[in-house]
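As given, the protein sequences belong to chains A and B, one line each in that order. Heads up: the first sequence at position 443 corresponds to 443 in the numbering used here, and the numbers run straight through without jumps. Heads up: the second sequence at position 322 corresponds to 322 in the numbering used here, and the numbers run straight through without jumps.
In case anyone wonders, no lab produced these hints; they're calculated from the structure. Take these hints with a grain of salt, some might be off.
Label pairs and their calculated CB-CB ranges [said to hold, decoys possible]: (1) A:332 with B:180: 31 to 39 Å; (2) A:263 with B:153: 32 to 40 Å; (3) A:58 with B:248: 48 to 56 Å; (4) A:34 with B:228: 44 to 52 Å; (5) A:345 with B:248: 41 to 49 Å; (6) B:183 with A:238: 42 to 50 Å; (7) A:219 with B:153: 41 to 49 Å.
Computed far set for chain B versus chain A, every beta-carbon distance over 10 Å [as the list claims (entries may be wrong)]: (8) 90; (9) 230; (10) 490; (11) 493.
Subject to a maximum C-alpha distance of 25 Å in a straight line, what follows is the list of computed SDA-like cross-link-like pairs (lysine to any residue) [to be verified]: (12) A:148 with B:457; (13) B:494 with A:245; (14) B:364 with B:68; (15) A:148 with B:155; (16) B:493 with A:241; (17) B:494 with A:144; (18) B:493 with B:451; (19) A:493 with A:451; (20) B:151 with A:499; (21) B:148 with A:155; (22) A:157 with B:148; (23) A:148 with B:156; (24) B:494 with A:248; (25) A:151 with B:499.
Even glycine gets a Cβ: it sits at the ideal position worked out from N, Cα and C.
2 protein chains.
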Amino acid sequence: MRTTSQPRSIQVHASDNVAIVVNEGGLPAGTRLDSGLVLRDGIPEAHKVALTMIPAGAPVIRYGVTIGYARTEIPIGSWVHEGLLALPEAPALDELPTQEGVRTQSAPLEGFTFEGYVNDDGTVGTKNILGISTTVQCVSATVEYAVKRIKAELLPKYPNVHDVIAIAHLYGCGVAIDAPGSEIPIRTLRNLSLNPNLGGAPMVVSLGCEKLQPAQMLPSSTLPILSSQPYVVRLQDDAHRSFGDMVQAIMHMAEQRLVQLNARRRQVRPASDLVVGLQCGGSDAFSGVTANPAVGYAADLLVRAGATVMFSEVTEVRDAIHLLTARAATPQVAKDLIREMAWYDRYLERGSVDRSANPTPGNKSGGLANIVEKALGSIAKAGTSSISGVFGPGERINCKGLVFAATPASDFVCGTLQLAASMNMHVFTTGRGTPYGLAMAPVIKVSSRTALAERWSDLIDIDAGTIATGEASIPQVGEAIFHYILDVASGRKKTCADYWGLHNEFALFNPAPIT
Amino acid sequence: MRTTSQPRSIQVHASDNVAIVVNEGGLPAGTRLDSGLVLRDGIPEAHKVALTMIPAGAPVIRYGVTIGYARTEIPIGSWVHEGLLALPEAPALDELPTQEGVRTQSAPLEGFTFEGYVNDDGTVGTKNILGISTTVQCVSATVEYAVKRIKAELLPKYPNVHDVIAIAHLYGCGVAIDAPGSEIPIRTLRNLSLNPNLGGAPMVVSLGCEKLQPAQMLPSSTLPILSSQPYVVRLQDDAHRSFGDMVQAIMHMAEQRLVQLNARRRQVRPASDLVVGLQCGGSDAFSGVTANPAVGYAADLLVRAGATVMFSEVTEVRDAIHLLTARAATPQVAKDLIREMAWYDRYLERGSVDRSANPTPGNKSGGLANIVEKALGSIAKAGTSSISGVFGPGERINCKGLVFAATPASDFVCGTLQLAASMNMHVFTTGRGTPYGLAMAPVIKVSSRTALAERWSDLIDIDAGTIATGEASIPQVGEAIFHYILDVASGRKKTCADYWGLHNEFALFNPAPIT
Chain A
1 MRTTSQPRSI QVHASDNVAI VVNEGGLPAG TRLDSGLVLR DGIPEAHKVA
51 LTMIPAGAPV IRYGVTIGYA RTEIPIGSWV HEGLLALPEA PALDELPTQE
101 GVRTQSAPLE GFTFEGYVND DGTVGTKNIL GISTTVQCVS ATVEYAVKRI
151 KAELLPKYPN VHDVIAIAHL YGCGVAIDAP GSEIPIRTLR NLSLNPNLGG
201 APMVVSLGCE KLQPAQMLPS STLPILSSQP YVVRLQDDAH RSFGDMVQAI
251 MHMAEQRLVQ LNARRRQVRP ASDLVVGLQC GGSDAFSGVT ANPAVGYAAD
301 LLVRAGATVM FSEVTEVRDA IHLLTARAAT PQVAKDLIRE MAWYDRYLER
351 GSVDRSANPT PGNKSGGLAN IVEKALGSIA KAGTSSISGV FGPGERINCK
401 GLVFAATPAS DFVCGTLQLA ASMNMHVFTT GRGTPYGLAM APVIKVSSRT
451 ALAERWSDLI DIDAGTIATG EASIPQVGEA IFHYILDVAS GRKKTCADYW
501 GLHNEFALFN PAPIT
Chain B
1 MRTTSQPRSI QVHASDNVAI VVNEGGLPAG TRLDSGLVLR DGIPEAHKVA
51 LTMIPAGAPV IRYGVTIGYA RTEIPIGSWV HEGLLALPEA PALDELPTQE
101 GVRTQSAPLE GFTFEGYVND DGTVGTKNIL GISTTVQCVS ATVEYAVKRI
151 KAELLPKYPN VHDVIAIAHL YGCGVAIDAP GSEIPIRTLR NLSLNPNLGG
201 APMVVSLGCE KLQPAQMLPS STLPILSSQP YVVRLQDDAH RSFGDMVQAI
251 MHMAEQRLVQ LNARRRQVRP ASDLVVGLQC GGSDAFSGVT ANPAVGYAAD
301 LLVRAGATVM FSEVTEVRDA IHLLTARAAT PQVAKDLIRE MAWYDRYLER
351 GSVDRSANPT PGNKSGGLAN IVEKALGSIA KAGTSSISGV FGPGERINCK
401 GLVFAATPAS DFVCGTLQLA ASMNMHVFTT GRGTPYGLAM APVIKVSSRT
451 ALAERWSDLI DIDAGTIATG EASIPQVGEA IFHYILDVAS GRKKTCADYW
501 GLHNEFALFN PAPIT
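With the hints as constraints, model all of the structure from the sequences given.
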């Protein structure tokens with residue numbers, strides 16, 4: 001039963017001196033909450049109310065953590081908006097708890113499986129896709145042209161293959177190929193080709209004169225299969241006597257791959273073969289109390305089942321880094337976390353960017369006062385497991401458990417880097433709403449508010465807003481997400497993004513200049 | 001008659017101590033040239049032969065300019081390859097000739113016209129396209145979905161409209177919207193919406209919570225028409241109760257635009273309404289002696305006819321900047337040129353990039369030893385006119401004559417910025433060959449070698465390789481390019497790229513970090 005007509009608020013942690021107003025449309029001044037507190041101001045939906053008088057300079061506490069300091073005295077019942085909060089300093093990277101030692105692991109969860117496509121390299125796909133990699137943007141229009149024809153003329157003959165996608169991008173030439181940071185886009189492109197959902201037999205279209213040569217992007221030593229069969233079509237090769245020839249060459253190699261992919265069948269695999277990437281976008285103040293904790297609950301279940309769960313978004317965890325280093329499984333993991341934060345601090349500094357640039361205006365009007373509050377909500381997605389590994393942007397993950405893959409927070413840059421990290425399932429939480437989708441892996445979208453899930457019923461897969469209205473608990477929604485992941489990974493259920501074919505372009509992270 | 005079977009070489013300037021071997025496949029050691037010179041080494045096609053003994057440390061001269069210094073003594077008849085040349089210092093920006101005063105203009109060329117679409121703001125389109133702008137990548141998959149339906153369901157009803165394109169990009173959120181340099185991608189997006197080929201009545205699809213808001217990207221004050229009619233569809237608006245609703249809203253606004261665009265007809269306009277962008281990509285050593293000088297000749301004709309001709313690619317002109325400042329129409333233009341070079345020097349320095357990163361390996365194997373030689377060939381495209389204006393990346397051009405629009409050399413970043421600068425016709429020269437194309441403006445591709453034009457007969461529009469074989473002169477090919485531009489601009493001829501629909505994605509230049 002829905003209870004949104006009653007005044008309703010959520011206090012996350014017992015020590016918090018603010019709570020979130022849950023009611024759609026907010027609550028007017030004078031409203032009396034269950035606790036007896038009377039609102040001094042009108043408070044918008046998802047925004048914070050002061051549960052006590054907060055003296056000037058005193059900490060404002062949410063999630064049990066200081067999210068800012070009161071610029072002036074804040075009377076009880078006031079709207080604690082962005083303008084009232086002074087931003088705390090980011091935790092200094094040289095004073096973090098890094099020597100906590102090995103944490104105890106939760107009890108393993110046995111018997112959960114899904115049906116996936118087993119690759120030669122031991123990875124498992126949740127889809128069976130032909131991916132056509134490109135070394136440089138010069139070839140992308142040609143590859144798009146070929147892909148259109150492959151989809152129309154060849155794909156119908158190979159019904160076990162789900163899709164054909166061009167891994168198009170803006171890199172490869174007009175860039176300083178040896179500049180500091182260039183290793184990031186290059187390894188990203190290499191590892192995108194190796195994503196488990198692409199079947200383990202990549203093909204590459206190259207121009208010929210570009211800076212990023214196929215041998216640098218995807219050397220044949222990467223996979224045994226590549227040394228035994230051709231995998232590069234080079235448009236400038238003399239063999240191609242016309243544009244039509246080039247397209248034919250791409251289609252010919254593509255059809256060889258389609259034959260291989262089409263012979264594959266789903267097999268029952270343990271849940272431990274999942275590599276689930278977590279992300280949020282268009283967040284609001286509910287994200288941190290509904291969708292993200294529910295996903296965090298599912299993440300804990302996945303980790304207990306032996307899977308790999310990846311969280312990311314450096315700029316959104318930076319201000320909560322002290323809570324993450326304390327969860328490092330080993331001292332090295334803590335050091336690696338700090339290394340990635342420090343790299344990003346320098347990267348932003350070089351561009352004269354200050355961290356108040358995040359959150360977005362939409363985040364703020366959604367009730368997130370600053371990056372600290374956003375960070376605390378963001379890391380709720382990562383559940384409570386210890387962190388077993390840290391990977392740089394575009395690196396491929398090679399361990400199980402909860403891992404941190406360092407990426408920007410930009411939704412599509414993060415998604416692209418998570419795909420390179422070998423993600424085969426994606427869970428995306430949103431409060432404001434975004435029609436996000438990726439071609440290479442299924443994206444389950446979880447809404448933080450029921451109003452959004454109802455309005456966008458054909459875009460949101462799971463509604464975690466029921467946690468705010470009291471209809472469901474965090475464990476209930478978390479369990480539902482866990483089982484939904486297994487269903488989608490097995491092809492038994494289809495995400496909204498896949499239903500509509502909403503697949504955003506890849507967005508490479510290139511920290512180096514273009515030339 | 002073809003004469004490629006004879007040994008053939010080209011010396012560009014009387015003071016040059018190297019010449020270029022023209023024969024396909026190069027020439028073997030021992031070959032005697034017309035001049036009597038005997039080759040000491042085998043010399044690949046488009047590579048340089050020493051016309052005299054060049055002592056160690058002496059300048060190697062091409063185009064009458066020092067392109068490097070001999071690392072060791074180079075005997076007469078030797079192959080002057082990259083390894084023999086030490087790179088000269090880039091011209092210091094504080095010692096350039098900047099006070100040359102107003103140059104004499106060439107005689108005006110009267111009576112040349114084309115048939116274009118006149119816009120309310122006085123610009124003229126060579127195509128009649130519906131462009132759908134986006135504020136942020138979050139909406140791009142939705143817009144692509146809508147564009148597919150618009151093309152299938154609406155466009156056939158409006159036969160005078162040539163195309164519908166989504167101006168999709170990776171910017172708008174996950175970026176520091178106020179960082180130094182952020183003005184570049186923002187004004188680029190604004191000015192892309194205002195490209196003459198889009199009919200002067202833009203529409204914008206926004207998510208709602210993104211950092212780059214429609215009012216910042218394209219304020220209604222930009223065009224009178226925008227204050228009198230709605231031009232933004234915002235996906236997060238409460239009015240949209242589903243994904244289907246969003247798509248309907250985009251299609252509804254698109255159809256209103258299609259009705260307006262469809263009522264337009266081509267009108268006879270003076271050639272002075274053309275804004276022709278010049279670019280080269282996949283260059284070889286022939287580019288600077290065939291295709292680029294021929295385009296330069298056409299550029300001079302266009303300037304004399306009153307048109308705007310734009311050249312770009314900072315990193316490819318940087319090493320010839322002293323030749324450009326000397327051609328500045330006013331001292332201010334020279335200062336502006338230096339300003340743009342200095343900005344780029346700092347940008348590359350911040351990323352620890354040295355200028356030897358350009359040329360590409362393909363350029364080098366095509367015979368271009370270093371960036372100096374490439375720059376000299378590159379600026380040949382700009383002809384001999386004085387330079388009347390300089391524009392920063394993404395700025396809109398507001399003057400006639402030969403102008404420099406500062407951009408990176410990356411083909412698609414440059415093309416995107418030239419479109420933002422208001423380019424309505426594009427000429428692209430290539431030696432190695434690239435299947436380049438843009439959706440927003442016709443691209444005429446000119447090859448530097450006949451072998452490429454023959455092999456890629458369905459991709460190359462004009463062969464300038466006939467200059468090397470002696471079949472045609474630079475003025476002859478230049479005139480042909482000039483007339484081809486007028487024909488394509490009028491819709492009488494179609495480029496190869498448009499025939500195949502080869503349209504690369506937009507590539508924004510964002511010098512700031514992503515977050």
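Hints, one by one, checked against the model:
Under the hint 31 to 39 Å, the C-beta atoms of residue 332 (chain A) and residue 180 (chain B), about 36 Å apart, fit the expected range. Hint check: residue 263 (chain A) to residue 153 (chain B), Cβ distance near 38 Å, so the stated range 32 to 40 Å holds. The hint said 48 to 56 Å for the Cβ distance between residue 58 (chain A) and residue 248 (chain B), and at roughly 51 Å that hint holds. Here the CB-CB span from residue 34 (chain A) to residue 228 (chain B) is close to 51 Å, well matched to the stated 44 to 52 Å.
For the pair residue 345 (chain A) and residue 248 (chain B), the beta carbons lie near 45 Å from each other, so the given range of 41 to 49 Å is met. Between residue 183 (chain B) and residue 238 (chain A), the C-beta spacing of about 45 Å keeps the proposed range 42 to 50 Å intact. At roughly 46 Å, the beta-carbon separation of residue 219 (chain A) and residue 153 (chain B) lies within the given 41 to 49 Å, and the hint holds. Under the 10 Å C-beta cut-off, the non-interface status given to residue 90 (chain B) relative to chain A holds; the minimum distance is some 14 Å.
Listed as outside the interface, residue 230 (chain B) is consistent with that label: its C-beta sits roughly 21 Å from the nearest C-beta of chain A, beyond the 10 Å cut-off. Distance to chain A confirms residue 490 (chain B) as a non-interface residue, since its nearest Cβ pair spans about 24 Å, more than 10 Å. Consistency note on residue 493 (chain B): stated as away from chain A, and its beta-carbon is indeed over 10 Å from all of that chain's, at 18 Å minimum. Proposed proximity of residue 148 (chain A) and residue 457 (chain B) is supported: the alpha carbons are some 22 Å apart, at most 25 Å.
For a cut-off of 25 Å, the pair hint linking residue 494 (chain B) to residue 245 (chain A) stands: about 21 Å separates their Cα positions. At most 25 Å may separate the alpha-carbon atoms for a hinted pair to count; residue 364 (chain B) and residue 68 (chain B) meet this at roughly 14 Å. With a C-alpha separation of about 20 Å, the suggested pairing of residue 148 (chain A) with residue 155 (chain B) holds against the 25 Å cut-off. This hinted pair checks out: residue 493 (chain B) and residue 241 (chain A) have alpha carbons roughly 23 Å apart, not beyond 25 Å.
With a CA separation close to 21 Å, the supplied pair residue 494 (chain B) and residue 144 (chain A) stays within the 25 Å bound. This hinted pair checks out: residue 493 (chain B) and residue 451 (chain B) have alpha carbons roughly 23 Å apart, not beyond 25 Å. For the given pair, residue 493 (chain A) sits about 23 Å from residue 451 (chain A) by alpha-carbon distance, which is consistent with the 25 Å threshold. Between residue 151 (chain B) and residue 499 (chain A) the alpha-carbon distance is near 20 Å, which keeps this suggested pair within the 25 Å criterion.
The hinted pair formed by residue 148 (chain B) and residue 155 (chain A) meets the criterion: a straight-line CA distance of about 20 Å does not exceed 25 Å. A distance of roughly 24 Å separates the Cα atoms of residue 157 (chain A) and residue 148 (chain B); the hinted pair therefore holds under the 25 Å criterion. With a C-alpha separation of about 20 Å, the suggested pairing of residue 148 (chain A) with residue 156 (chain B) holds against the 25 Å cut-off. Of the supplied pair hints, the one linking residue 494 (chain B) and residue 248 (chain A) holds, its CA atoms being roughly 23 Å apart against a limit of 25 Å.
With a CA separation close to 20 Å, the supplied pair residue 151 (chain A) and residue 499 (chain B) stays within the 25 Å bound.
The earlier numbered hints are all upheld by this structure, with none contradicted.
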